[in-house]
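Protein chains in written order, with the working numbering: chain A, 7 to 109; chain B, 7 to 109; chain C, 7 to 109; chain D, 7 to 109.
Everything labelled a hint here was simulated from the structure, so no lab data went into it. All values derive from a computational prediction rather than experimental measurement. Please note: incorrect hints may appear among the correct ones.
[Unchecked claim] Restricting the straight-line Cα-Cα distance to at most 25 Å, the calculated cross-link-like pairs of lysine-lysine (DSS-like) are:
| # | chain 1 | residue 1 | chain 2 | residue 2 |
| --- | --- | --- | --- | --- |
| 1 | B | K78 | C | K78 |
| 2 | C | K86 | B | K78 |
| 3 | B | K24 | B | K78 |
| 4 | A | K24 | D | K32 |
| 5 | D | K32 | A | K86 |
| 6 | C | K32 | D | K86 |
| 7 | D | K78 | D | K24 |
| 8 | C | K86 | C | K32 |
| 9 | D | K32 | A | K78 |
| 10 | A | K78 | A | K24 |
| 11 | A | K32 | B | K32 |
| 12 | D | K86 | A | K86 |
| 13 | C | K24 | B | K32 |
| 14 | B | K86 | C | K32 |
4 protein chains.
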Amino acid sequence: MDATSTECHTTHGYISDKDRYLARLKRIEGQARGIHRMIDEEQYCIDILTQISALTSALRNVGLGLLDEHMKHCVVDAAKLGGDAAEAKLQEASEAIARLVRS
Amino acid sequence: MDATSTECHTTHGYISDKDRYLARLKRIEGQARGIHRMIDEEQYCIDILTQISALTSALRNVGLGLLDEHMKHCVVDAAKLGGDAAEAKLQEASEAIARLVRS
Amino acid sequence: MDATSTECHTTHGYISDKDRYLARLKRIEGQARGIHRMIDEEQYCIDILTQISALTSALRNVGLGLLDEHMKHCVVDAAKLGGDAAEAKLQEASEAIARLVRS
Amino acid sequence: MDATSTECHTTHGYISDKDRYLARLKRIEGQARGIHRMIDEEQYCIDILTQISALTSALRNVGLGLLDEHMKHCVVDAAKLGGDAAEAKLQEASEAIARLVRS
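Model the full assembly from the supplied sequences, consistent with the hints where possible.
Set out below in structure tokens:
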């Protein structure tokens, strides 16, 4: 994380929606705790799998939301500046997308 | 959840590995809490996305592990009994797999 | 592929739906050819990506369908026989599911 | 597809790698034909599923490659121009990413 990226996330980005993202993560943490309890209580596997699928979807959606914010702010700003910094930013975003698609 | 499924998960299944699964879920809960903190501290989006991808993979692996246990125990037992119960069990497993693949 | 698996797929399985699967694969092949043409004609990236997502979903659905058939026939038959053969069959199905989930 | 998008893909983009993409799509079409033949010859389900997973991965990689090209060219150009067109371009890219992640 270099100076550019630091500047990027402090002046722009997901801050506007920060409370909503924090609430979503709280819910995700609660879902993980719920799955822990289901296993501890030896609930039915299929019911646990349903909760795991729901949690995976919730996480994906948070990831897609953050990526959208990142592109609309950090990537656009970098693109305007152009040069190597822009290229590095785009490369970094592409790699994050690939990780998300493959995870 | 009917009588068969109740019997299934109490007499068989992931119990042998229960402690390991509980530990994995604790870790997943911790990862969710870590992502919450990263957003709260307004850390760099790409770093958060990397953690989200890691958490998604961890969840998928727990899901695949539980599914494997389920098939090796509940599905096999139901298959031996045959009839409608076996068919219902297989159908249920197929639907859980589809949800996992699509989540 | 051993004797058991050969026996399995010739006496059971997706044969009943074979024509439907063949038609779906023909369509998938056509979709791949369509994407080739879109790239050749230098059509808009986003439109090509939409077609790639559609083709990926179509493939996943064929995979899930075949897996369902496999479990309802080969896996059930192996489970009834029991022993090492049943265990190997289940292990093999689990690994195929994991590949499908991760692909 | 409006004037902007038309201009985008004709002046920039994946053209440089066009031959490589066309070759990859030819290979994907061949893989689809191979799976058709495996079903027709009633080959073992698990072997067919392995080929389906391989084809899905190949498609994903083409999608990620095209998306990368799109962002490095069309999105960057739109970002420089700014305004509504830039915003629309980013929105469109985000939606394509979401479809890819969810497919």
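**OP:** Take a quick look at whether K86 of chain C and K78 of chain B sit within 25 Å of each other, Cα to Cα.
**Re:** holds (12 Å)
**OP:** Sort out whether K78 of chain C lies within 25 Å of K78 of chain B, counting only the CA atoms.
**Re:** Holds, at roughly 14 Å.
**OP:** Quickly compare the C-alpha distance for K24 of chain C and K32 of chain B to 25 Å and report which way the hint goes.
**Re:** violated (45 Å)
Subject >> Given pair status - K78 of chain B, K24 of chain B, alpha carbons within 25 Å >> reply: holds (15 Å)
Subject >> Proposed proximity, K24 of chain A with K78 of chain A (alpha carbon, max 25 Å) >> reply: Within the cut-off at roughly 15 Å; holds.
Original post:
Given the hint that K32 of chain A pairs with K32 of chain B, does the C-alpha gap stay at or below 25 Å?
Top reply: holds (15 Å)
Original post:
Taken at face value, is the distance from the CA of K32 of chain C to the CA of K86 of chain B at most 25 Å?
Top reply: violated (37 Å)
Original post:
Does the alpha-carbon distance linking K32 of chain C and K86 of chain D stay inside the 25 Å limit?
Top reply: Status violated; Cα separation ~43 Å.
**OP:** Could you grab the alpha-carbon distance between K24 of chain A and K32 of chain D and see if it respects the 25 Å cut-off?
**Re:** violated (45 Å)
Subject >> Agreement of K86 of chain C and K32 of chain C with the hint, judged by alpha carbon distance not exceeding 25 Å >> reply: violated (35 Å)
**OP:** Given the hint that K32 of chain D pairs with K78 of chain A, test it: the Cα-Cα distance must not exceed 25 Å.
**Re:** violated (35 Å)
Original post:
Has the given pair, K32 of chain D with K86 of chain A, been kept, meaning a C-alpha gap of at most 25 Å?
Top reply: violated (37 Å)
Hint compliance for this structure: hints 4, 5, 6, 8, 9, 13 and 14 are not met, and every other hint is.
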